[in-house]
Amino acid sequence: GAGVSQSPRYKVAKRGQDVALRCDPISGHVSLFWYQQALGQGPEFLTYFQNEAQLDKSGLPSDRFFAERPEGSVSTLKIQRTQQEDSAVYLCASSLRGGLEKLFFGSGTQLSVL
Amino acid sequence: GQQLNQSPQSMFIQEGEDVSMNCTSSSIFNTWLWYKQDPGEGPVLLIALYKAGELTSNGRLTAQFGITRKDSFLNISASIPSDVGIYFCAGHLSAGSYQLTFGKGTKLSVIP
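Chains A and B supply the protein sequences, listed in that same order. Going letter by letter, the first sequence gives residues 60 to 173 in the working numbering. Going letter by letter, the second sequence gives residues -2 to 109 in the working numbering.
Hints listed in this document are in silico derivations from the structure and should not be mistaken for laboratory results. Since this is a predicted model, take the numbers as computed values, not measurements. Take the hints with a grain of salt, since some may be wrong.
As the list claims (entries may be wrong) - Listed next, the in silico PhoX-like pairs over lysine-lysine satisfying Cα-Cα at most 20 Å (straight line):
# : chain 1 : residue 1 : chain 2 : residue 2
1 : B       : LYS48     : B       : LYS104
2 : A       : LYS161    : B       : LYS33
3 : B       : LYS48     : A       : LYS161
4 : A       : LYS137    : A       : LYS73
5 : A       : LYS161    : A       : LYS70
6 : B       : LYS67     : B       : LYS101
Said to hold, decoys possible - Computed, partial: chain B to chain A, Cβ under 7 Å:
#  : residue
7  : PHE9
8  : GLU14
9  : GLY82
10 : PHE85
11 : SER91
12 : ALA92
13 : GLY93
14 : GLN96
15 : LEU97
16 : PHE99
17 : LYS101
18 : GLY102
Every residue, glycine too, gets a C-beta built ideally from N, C-alpha and C.
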């Protein structure tokens, strides 16, 4: 497809479960970002990849959060032992190079932890 | 972390009216960006601003990068129903950072 694709669209997890969220960036885009958007808030930065290298993970809220992009294209955000405060929309964005002004966002995965 | 104060939080306007919203920060930003987010979708870039004092238009939208580099505003002229959505300002703090800092958004409702 032409845009950033995220799956699943919705995810319901019981507290304590592990979840994996997938992002397919636009083909050829070098940079990939993950953001977390709580209800009624703006997106908050989680992590950044340039190709397969994770250059910034300072926004990950705890060591339960882990992201990877092993071949420099598809990325997975994994959350272990989910907690209720993890409930949010997780947005993936990509850009052709590193330019933050040319970010293309996916529609997000809405995670609900019960 | 860095915070952007965006106002107003929400607004209801009549179709055809002009709209103004703004964002302020205690920190200096290199770049200001304005996004629109529709329900169930990711943010879409509207306007990017790169220099203090810069005034940029995109159709009915006009945005300015404040002289102090700590604020920005977005104006929408002659609003139409499809302008409904949440508008976010976002700032890029420095050249070595990969992070965008977002405001909390302005929810715009347009009454036909």
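Hints, verified against the model:
1. B:LYS48 with B:LYS104: Not OK: LYS48 of chain B and LYS104 of chain B at ~27 Å, beyond 20 Å, violated.
2. A:LYS161 with B:LYS33: Holds, because 14 Å separates the two Cα atoms, which is no more than 20 Å.
3. B:LYS48 with A:LYS161: With a Cα-Cα distance of about 17 Å, the restraint between LYS48 of chain B and LYS161 of chain A holds, given a limit of 20 Å.
4. A:LYS137 with A:LYS73: Cα-Cα ~15 Å, so holds.
5. A:LYS161 with A:LYS70: 28 Å, violated
6. B:LYS67 with B:LYS101: Distance of about 16 Å is within 20 Å: holds.
7. PHE9: 17 Å, violated
8. GLU14: Because about 25 Å separates GLU14 of chain B from the closest Cβ in chain A, which is outside the 7 Å limit, the hint is violated.
9. GLY82: Violated - the Cβ of GLY82 of chain B stays beyond 7 Å from chain A, reaching only about 13 Å at its closest.
10. PHE85: 5 Å, holds
11. SER91: 11 Å, violated
12. ALA92: 10 Å, violated
13. GLY93: This hint is violated: GLY93 of chain B lies away from chain A, its Cβ roughly 10 Å from the closest one there, beyond 7 Å.
14. GLN96: Nearest chain A Cβ about 4 Å off; hint holds.
15. LEU97: 6 Å, holds
16. PHE99: Holds: closest Cβ of chain A sits about 3 Å from PHE99 of chain B, inside 7 Å.
17. LYS101: Nearest chain A Cβ about 5 Å off; hint holds.
18. GLY102: 6 Å, holds
Hint check: violations occur at hints 1, 5, 7, 8, 9, 11, 12, 13; the rest are consistent with the structure.
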